[in-house]
Amino acid sequence: MANEESDNRTTLPAANMEQNIGDEPVGKEKITRFNSLVSIKVISYRKREHDTDGISAKAVLDGIVRAGILADDSTKQVASITFESIKSEEEKTIIEIEEYLA
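Numbering (my numbering), first residue to last: 788 to 889.
All the pointers check out, no bait thrown in.
Heads up, simulated DSSO-like pairs for lysine-lysine below, C-alpha to C-alpha not over 30 Å straight-line:
1) Lys863 - Lys817
2) Lys879 - Lys834
3) Lys879 - Lys817
4) Lys817 - Lys845
5) Lys834 - Lys874
6) Lys828 - Lys879
7) Lys874 - Lys828
8) Lys845 - Lys863
9) Lys845 - Lys874
10) Lys845 - Lys828
11) Lys863 - Lys828
12) Lys834 - Lys845
13) Lys817 - Lys828
14) Lys863 - Lys879
Okay, the calculated beta carbon distance ranges per label pair:
15) Asn822 - Ser875: 31 to 37 Å
16) Asn822 - Glu876: 35 to 41 Å
17) Lys879 - Lys845: 19 to 25 Å
18) Ser875 - Leu824: 29 to 35 Å
Calculated from the structure, these hints are not laboratory results.
Glycine is no exception: its CB is placed at the ideal position from the N, C-alpha and C atoms.
Work the whole structure out from these sequences, hints included.
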């Protein structure tokens, strides 16, 4: 059994990810670009119960920067990011970005 893999590994199913539709915004809304400090709220609607930590903050922030909504995702521009998970028949993710008011 020197070169064989261990039998104690479990194969996990692929994550139930949303379809990648590209970098374009959904709908015809004009993109708001923020030059001020912001707070971000990510709301995840899923059919099954799920962990709030299953949402990747890095992917969310990188996507917002890549879309040109934020210049960068440092603490110079992002004051806070929060997550909310809701069980729902319709699966979707909503990202709310607001100017940060201390």
